[in-house]
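Protein sequence lines, in the order shown, are assigned to chains A and B. Counting from 1, position 203 in the first sequence corresponds to residue 521 in the working numbering; the numbering is continuous, with no gaps. Counting from 1, position 238 in the second sequence corresponds to residue 1043 in the working numbering; the numbering is continuous, with no gaps.
If you are wondering where the hints come from, they were derived from the structure by calculation, not from laboratory data. Misleading hints may appear alongside valid ones.
Cut-off 25 Å, straight-line C-alpha distance, at most; resulting in silico cross-link-like pairs (DSS-like, lysine-lysine) [claimed, not checked]:
{"#": "1", "chain 1": "A", "residue 1": "LYS363", "chain 2": "A", "residue 2": "LYS567"}
{"#": "2", "chain 1": "A", "residue 1": "LYS594", "chain 2": "A", "residue 2": "LYS564"}
{"#": "3", "chain 1": "A", "residue 1": "LYS424", "chain 2": "A", "residue 2": "LYS461"}
{"#": "4", "chain 1": "A", "residue 1": "LYS363", "chain 2": "B", "residue 2": "LYS1027"}
{"#": "5", "chain 1": "A", "residue 1": "LYS571", "chain 2": "A", "residue 2": "LYS594"}
{"#": "6", "chain 1": "B", "residue 1": "LYS866", "chain 2": "A", "residue 2": "LYS424"}
Keep in mind that this is a model prediction, so the values were computed, not measured.
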Amino acid sequence: MLSRAAGVTTRLIPHMAPPLASWIALDKSKDEPTAMIEFRSVTKKFPDGTVAVDDFSLTMPSHETTVLVGSSGCGKTTILRMINRMVDATAGQVLIDGEDVANRDKVQLRRSIGYVLQAAGLLPHRHVVDNVATVPILNGTPKAQAREDALELLDKVGLDRSLAHRYPRQLSGGQQQRVGVARALASDPNILLMDEPFGAVDPIVRADLQAELGRLQSELGKTIVFVTHDIEEAFALADTVVIFRKGGKIAQKGTPAEILANPADEFVETFIGADKARRRLRLEQAAEGGTIVVDGDGRVAGVLDDDARSTRGDAVS
Amino acid sequence: MNFLLDALAYIFDPANWAANATSPAPLGDRILEHLEYTAIAAGAATLIALPLGFYIGHTGKGRQAVIGVTGAMRALPALGVLYFVTMVAGYQLPFLVAATVGSLIALTLLAIPSVLAGAYSGLESVDRQTIDAARANGMTEMQILLRVEIPLSLPLIIGGIRAAVLQVVATATIASFAGLGGLGRVIASGIGLNDFTVLLAGALLVTALALLLDAVFALIQKVTAVRLEADDTPVAEEASAAAGAAASGRGSE
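Take the sequences, apply the hints, and build the full model.
If you want it as structure tokens, here you go:
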């Protein structure tokens, strides 16, 4: 109950996210696996000689959303795929709760981690419900039980049960992505890996899916690692944003607020568009009274909510 | 036109189907022999080529080598292989056994390239994203093969077997050159007796058999493809839109 309320607040007031989220994580760590992911000096060199990731270290806190963001070819997907050993590190270690993933059986490891891809990657010859039930059935759950659970998951991700016996290609792109998320959640994993999951859908559906993911996360409190090239998406979803340069180098890591307030260098500034007019908001007194927010071009961005102002004041103090 | 009518009359003459009919009849026996050779050769080729094709298609290994070898196999003259193997085997085995071995090896070699090509190109045609997702979900390599790759490429795999069967059924006539039966014997008799009616009757029967088998495989292929194409009926854009709206409604609750 508490975590749910906290999650809702988190979405409404992004600035409050870090302290609350870490407090929830502490609270949960008592009785659940923490699902903390740690990279220690990880290097990945592909057979053709390309060094995708070089001496990369990062800790991704449990029950939080860490968003890896960078332009294509920066190694962010490689890093994501090293967590479930779809890619094996050439050097260094990837640890989950202190255990090196290299010591775990690949297949078992992957079944214990949810994975959502850009094109959903659903099995085209199986019904939606069977797609969702894939991993539990692999793990030996009886089919009837797995299907029953799958129907509940469809509810959870906001899909009508009437779609359960459709084939994936009969669904819209956004619906397919919801099925992809349901499938990733089916074995109730502690960790959810998402590789540009909303990259292929139109902006309206994407915003919808992002909101839905935020809602789900506030209920479930998974450790989410999310890869995107869209900084807006990163800011919308992240507890922690990690901005990459080429070669898997971290340009800056922090909460959305920290990064916006203090971009580490020019690269980050350009990447987050801090120099853009739409990011430069200022307050103006409207003629009729009340305060409005105006961006760098003088366009009205919104009004300043008195409630929001006081809430924020509380959080800061 | 008379030839054709005579040949049809020969085929439909009950006397040529009777058990005591003179060679090359009874036609029923010849057809069964022909089908037997075809089934054994195509079956053996499938047993050899499918696992190999699956291995190549799944791993991507050995593709170049196998394409080279099967390309060369396609160029082998079946009749040459038949005589060669029959002669070599004839040193050790009774003549009829050697001829049978020779025929079946020649026909099997003929069938392998098509089956193999169907299997590996079928597996290669499966969307890489789908396989990647299956692997990321924790399927073992064998599960990926059995539950994803093979079901998704079934129409192409069966297409390969279909092409092989068609080639074998048309070529199985050569078995008669080694003294065996099959519809080739009808044709050979026609040539030997200078009887064009019998010759044409044999050729017509082979053609009919080939068309029939092809139709059967076409049907199987269609049945397996149906599940993959499903009904691409306009899946009620409204229905999905409504569901989407319901979903987003729930999202904003």
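Here is what the structure says about each hint:
Taking the CA atoms of LYS363 (chain A) and LYS567 (chain A), the gap is about 14 Å. The hint holds against a cut of 25 Å. At most 25 Å may separate the alpha-carbon atoms for a hinted pair to count; LYS594 (chain A) and LYS564 (chain A) meet this at roughly 23 Å. Between the alpha carbons of LYS424 (chain A) and LYS461 (chain A) the distance comes to roughly 24 Å, so the proposed pair stays at or under 25 Å and holds. Restraint check for LYS363 (chain A) and LYS1027 (chain B): not satisfied, since their Cα atoms lie roughly 45 Å apart, outside the 25 Å limit.
At roughly 21 Å between alpha-carbon atoms, LYS571 (chain A) and LYS594 (chain A) fall within 25 Å of each other, so this suggested pair holds. Note on LYS866 (chain B) and LYS424 (chain A): the hinted pairing holds, with a Cα-Cα distance of about 22 Å set against a maximum of 25 Å.
Hint compliance for this structure: hint 4 alone is broken.
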